[in-house]
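Model the full assembly from the supplied sequences, consistent with the hints where possible.
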Amino acid sequence: MKKLLISAAVAALALGGTSAHSADKLKACFVYLGAIGDMGWTYQHNVGVEQVKKELGDKVETVFVENVPEADAAGPIERLARDGCKIIFTTSFGFMEPTLQVAAKYPKVMFEHATGFKAGPNVSTYNAKFYQARYVEGVVAAKMSKTGTAGYIVSFPIPEVVMGINSFMLGAQSVNPNFKVKIVWANTWFDPGKEGDAAKVLFSQGADIIAQHTDSAAAITVAEQQGKLGFGQSSDQIKFGPHAQLTAAVDNWGPYYVRRIKEMLDGSYKSNVQVWDGMAEGTVAMAPFTNMPDDVKALAQKTFDDIKSGKLEPFTGPLTKQDGTTIGDKGKALAAGDILGMNWYVKGIDDKLPQ
Amino acid sequence: MEQFWAIAITIIAASTPLLIAAIGELVVERSGVLNLGVEGMMIVGAVAGFGATYVTGSYALGMLASMAAGSAMSMLFGFLTLTLLANQVATGLAITLLGIGLSSLLGQDLVGQPIAPLPNFHGINILIVFSFVLVGMVSWFLFRTRLGLKVRAVGDNHTSAHAMGFSVVGLRYACVAFGGACAGLAGGYLAIADTPQWVENMTAGRGWIALALVVFATWLPKRVVLGAYIFGTISILSFVVQTMALNLPSQLLSCTPYLVTIVALVVISRNKRVLRANTPACLGQAFVADR
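The listed protein sequences derive, respectively, from chains A and B.
Its first residue numbered 1, the first sequence is counted upward by one per residue in our numbering.
Its first residue numbered 1001, the second sequence is counted upward by one per residue in our numbering.
Check each hint, because a few of them may be wrong.
[What the hints assert, rightly or not] Partial selection, computed: residues in chain A whose CB lies under 8 angstroms from chain B: (1) Asn178; (2) Lys182; (3) Asn187; (4) Asp197; (5) Leu202; (6) Ser204; (7) Ala217; (8) Phe240; (9) Gly278; (10) Gly341; (11) Trp344; (12) Gly348; (13) Asp350; (14) Asp351.
[Unchecked claim] Facing chain B, a subset of chain A residues (Cβ under 10 angstroms, in silico): (15) Ala35; (16) Tyr43; (17) Ala186; (18) Thr188; (19) Lys194; (20) Lys200; (21) Phe203; (22) Gly206; (23) Ala218; (24) Thr221; (25) Gln237; (26) Pro242; (27) Gly317; (28) Thr320; (29) Gly324.
Please keep in mind that the hints were generated in silico from the structure rather than gathered at the bench.
Every residue, glycine too, gets a C-beta built ideally from N, C-alpha and C.
Here it is as structure tokens:
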């Protein structure tokens, strides 16, 4: 009996000890679609996490899981929730349903889903207005292209991708109303070989500038090899295209991650919000403008500054859709809901949107 | 004309890694061993080839390194299945997983480092030329030499081959090593010549496609060439079709390389006698010498 009491006391002490210890550091966990080594989307998320570690390292313990397939995400996410993560960031659109599923089972854990559109009692979504950077890229493309045609390599027809194409086109059309964009759907977020092949095909079909919404640096590498131009994706890919990269949209997740985790630490965290930051908040940045003449650089910088200050909004009405109808009021920005659910092309794009 | 040539070069570049990996696997399977680890060997070859080229600046060393890495992985497979007699299917899958993980680990510091692509003459580089030489060599070896006959005998009936005095395990080891070297070289091609960079998972399933090509081509080298090129051609053409804005659904276009290649090869392989003659009857079976 005495032995039982002593062992019970020891166990209680041990358990009490461990939970007291884990309360010291907040555990923040990150679920990545790809590998940190993709030099693109996931790499930039990790750069954000590194910023968290730098600024809050003594108060926060960060854990990440890489290469989580979207179809089987529920397992890894649930494991993180079980392992004591207090806030879990799932960094791909395809993690939407698994995140909501696991969130329903773990109401005390906070979930943040990137680029999604469904929130919940303990689920927030966060996104960045990448389309703002696409507009700047479109302006640059129209200025720099000799053939008046750009190639655009994309993955899947989700609103985020479509708004990027539209914003790019609108930016280009502001310089050259007859600018053409040739679109290739790779049906994958990441396959360097396929992306490279798509770039080669686009160049052979008359495009001389490449933009992409896929995750590797293959396209810019091909552009460099062929002496053409392109835009890096998600991170500065100048190393792969020293003579080819004009600029890149850089996803700067650090400030957002630090902000949210700080809110968790000081208790002011509110869930069930849908955050959509952009250039103004510093979440969307652009790589230095390179390989272009000074006047184009100045125009690009001006466009960037105008969007950042709010003077210029890419999706300002009225916009003419591909089918001829218009959307939006004159001079007013499109409603966030319209942009987030975008499933139509602007007029001037020859592709048919896969449904 | 220039456009046609540009597309043609892209097709050849896309088909070459499949061809090299598939030809190697063809030799392995002809000797009766089913090596499902092609994807793992390919990606290890990619990271090794890229790493060696990045560090030494020599493409030759890069190619040798990728072949060595592929061979090393396949030798591990060989030891597990030929000496320890583990199940070939399970071991092959395990090798694939090991290869993918190992390559990610080894390649961590190589990510984001660019190298200059393999020098080429209007897009044709030495590995493309070599791939055709390789097919010729394998074809000649398997069907015109005594040693090739022994390899095929071992694959068809290892008991009789053993009774004839052939070294079943020895020949199989050699074939497995060759297959590994080919898969490694195919991976090296991707990382050195095609898209000169290292990114995790850059082979993106090509090893599996090569594996399937061997079977659908009924273990005949010429059909493997046909299969690899049909696949490459349709893949590239599906992109070209997209740029022409003919409004065909891209998801359907993505399926076409697989569909067309399968249909084409099945149609070609209708002759049952040829089929029976070329299928290695002992594929996947472990060999234990009775006497």
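- Item | Numbers of the earlier hints that this structure fails to satisfy, in rising order | 1, 9, 10, 11, 12, 27, 28, 29
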